[in-house]
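A.B. asks: With the hints as your guide, set chain B onto chain A.
Those protein sequences? They're chains A and B, same order as listed.
Heads up, the first sequence is in my numbering, so the first residue is 1 and it goes up one at a time.
Heads up, the second sequence is in my numbering, so the first residue is 1 and it goes up one at a time.
Calculated directly from the structure, the hints in this document are not laboratory data.
Don't take each hint at face value.
As the list makes no split between identical chains, a pair holds if one copy fits it or if it spans any two.
Unchecked claim - Here are the computed lysine to aspartate or glutamate pairs in the EDC-like style, where the Cα-Cα straight-line distance is at most 20 angstroms:
{"#": "1", "residue 1": "LYS253", "residue 2": "GLU8"}
{"#": "2", "residue 1": "LYS233", "residue 2": "ASP40"}
{"#": "3", "residue 1": "LYS321", "residue 2": "ASP190"}
{"#": "4", "residue 1": "LYS339", "residue 2": "ASP58"}
{"#": "5", "residue 1": "LYS279", "residue 2": "GLU116"}
{"#": "6", "residue 1": "LYS236", "residue 2": "GLU116"}
{"#": "7", "residue 1": "LYS339", "residue 2": "ASP190"}
{"#": "8", "residue 1": "LYS288", "residue 2": "GLU123"}
Given next are the chains, with one letter for each unit.
2 protein chains.
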Amino acid sequence: MARAPQIETVISNFTPRFITSGVPLADFEEATAGLVDWEDWLPRWSGRAEIHEALGHDALEEARGLSAADHLTTAALLYHFAKFMAVQFPEAMRATHAKAVECHRLALPHMEPPGERVAIPFEGTELYGNLRKPSGIHKPPVVIMVPGLEATKEEIFGYAPSLLSRGIATLPVDGPGQGEAEYHLPIRGDYETVASAIIDWIESRPDLDTSRVGIFGVSLGGYHAPRAAAFEKRIKACVSISGAYDWAENWDKKSDLNKEVFRIRSHAKTLEQAHEIGKTLTLRACAKNITCPIYIAAGGLDRITAVEAANQLAADVSGPKVLSIIEDGNHVCHNRPYKVRPQTSDWLALQLGE
Amino acid sequence: MARAPQIETVISNFTPRFITSGVPLADFEEATAGLVDWEDWLPRWSGRAEIHEALGHDALEEARGLSAADHLTTAALLYHFAKFMAVQFPEAMRATHAKAVECHRLALPHMEPPGERVAIPFEGTELYGNLRKPSGIHKPPVVIMVPGLEATKEEIFGYAPSLLSRGIATLPVDGPGQGEAEYHLPIRGDYETVASAIIDWIESRPDLDTSRVGIFGVSLGGYHAPRAAAFEKRIKACVSISGAYDWAENWDKKSDLNKEVFRIRSHAKTLEQAHEIGKTLTLRACAKNITCPIYIAAGGLDRITAVEAANQLAADVSGPKVLSIIEDGNHVCHNRPYKVRPQTSDWLALQLGE
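Excised from the complex, chain A in its bound form:
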């Protein structure tokens, strides 16, 4: 029997993403083997997540903290991918999302270095992030990490270790339309308002160096990050990987699943309305205002964000820039992590070093 088109979309686009993010290979293979119906995606992945969750709870009970952290972050990642595009099943999506958040939250204090869940005031409500600080460094710089459309702070967490090992604190945040905020705050184009709220919060932390704040985004977060840098001048360095220049310009080429996920997370009633909201996600008028150093990376084989977006952004910015086109890279270069992850980490360490 033919696989559902959603499964085709997800597997053909994202297999390297799953593995590079930390999904054990056999979990991926066994969760997707023989999968035909899209409605089975979520329970199959959740079933794998439960194994790791149980191992994590065993480890917690036995005070094996490092193992608990490993098991529970893997459980969170699998629960996350179980529901990451399951917008057709809102109740199951939300319940599974809660498990992802809970597993990751339980893991945080046992990580090395430990993590801390933080609440960031934003327009009368709160955004949630997970802060980790590098060991043994007084008042480190900090990088705000902005996930993509179907990602969350629990997924982009995978980029944290290479920054932490280079002396940089990491702060993945669920912004409007993302993760814990997606139910009450829709996706919006003016991410500078979000970044400003996050940096206001950073300024309340005496243990972080407010003068050395960077922002790092992938996919839709790769749009949000430079958008924020164009307006919020407290940002001292920006990394954008596979971000859109003008999100709606290739609307017709997006997959049905991608458009539907955007519709739900932008709180639009119709695809037409979603398309209109999408048009507010643009760097066209503001990219020239980016004056901080920026590292722009894109994959030459990207089927989701055309590589031209990176070229356009690089052409517009007014400050120092690195433009890295990975010819054999796919969306977010998940198939070539070694061509963007160490490089952007080193670059951020250089920009935000004392």
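C.D. replies: Positioned in the frame of chain A, the structure of chain B alone reads:
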């Protein structure tokens, strides 16, 4: 066209091993896509390794040490898997092996914590190992890491981080028939002689705690480790994953490639002679002499070492034991790393703690 039987053997047995060991998914997929002839295996994998090697040298030149270490250990791993069973092509195998050793060696001082290449006197010649010590710990315990038949110290290195993070120094060693020693020293059953030489060397190091030495082996190393523990009483804890109890007893069930690799690395002229040498690899008479704590793990789906080997070993030992049969695990449980790696690391930390 049908794939060569060697390729079938390697891919069907070892795909999870490659990925769990750290081979990027797309490297594996692209190195093996459309592969038909066994003689193409080595150059295809070497081609992928060269990419990482070049990135590593770039990083070295730019003093980006952590990135250099990452790139070069990946390069070493890919060169290793390029040649790991390519015994039919001895010149190419040896040249590629030299590249694996060289890349890993270049990476060592840039790892966090750093590594150190060490030479261990053994029967008038030398064995080579790579020592890493956990950060900030005075006189840590140390675990000798023993690779399997086609593995080397550069592959079993992948188990080091979880031990290091638990305060244990790690010492992967190429023993007789393995890695750098395979050309001048054949596989031998009495690995206790090797372990004793390694521990003599450890006793020469004032920065290691000689009273807290463990041994950890997988696959053929999962035979060597308990064999050593049966005779060498300075070993205080032993981990054996998917080790044979009596290596030759299932000779007829081994793949042709497996037998040929054993023949070459045991320096036997014929398969019959190799079979005879294999018979010296046995715990039958000595397992009862194992008195130190031992953790025995095996996969219920193992097609290379029958799970009975673990049961036999556990039945024979005289000291404290953990027997962990992972019902859904394959050989070395590479498909279920999360069911053996954190657990054995925690167990070793407990046994070797102060």
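A.B. asks: Quick one: which hint numbers does this structure break? Sort them smallest to largest.
C.D. replies: 2, 3, 5, 6, 7, 8
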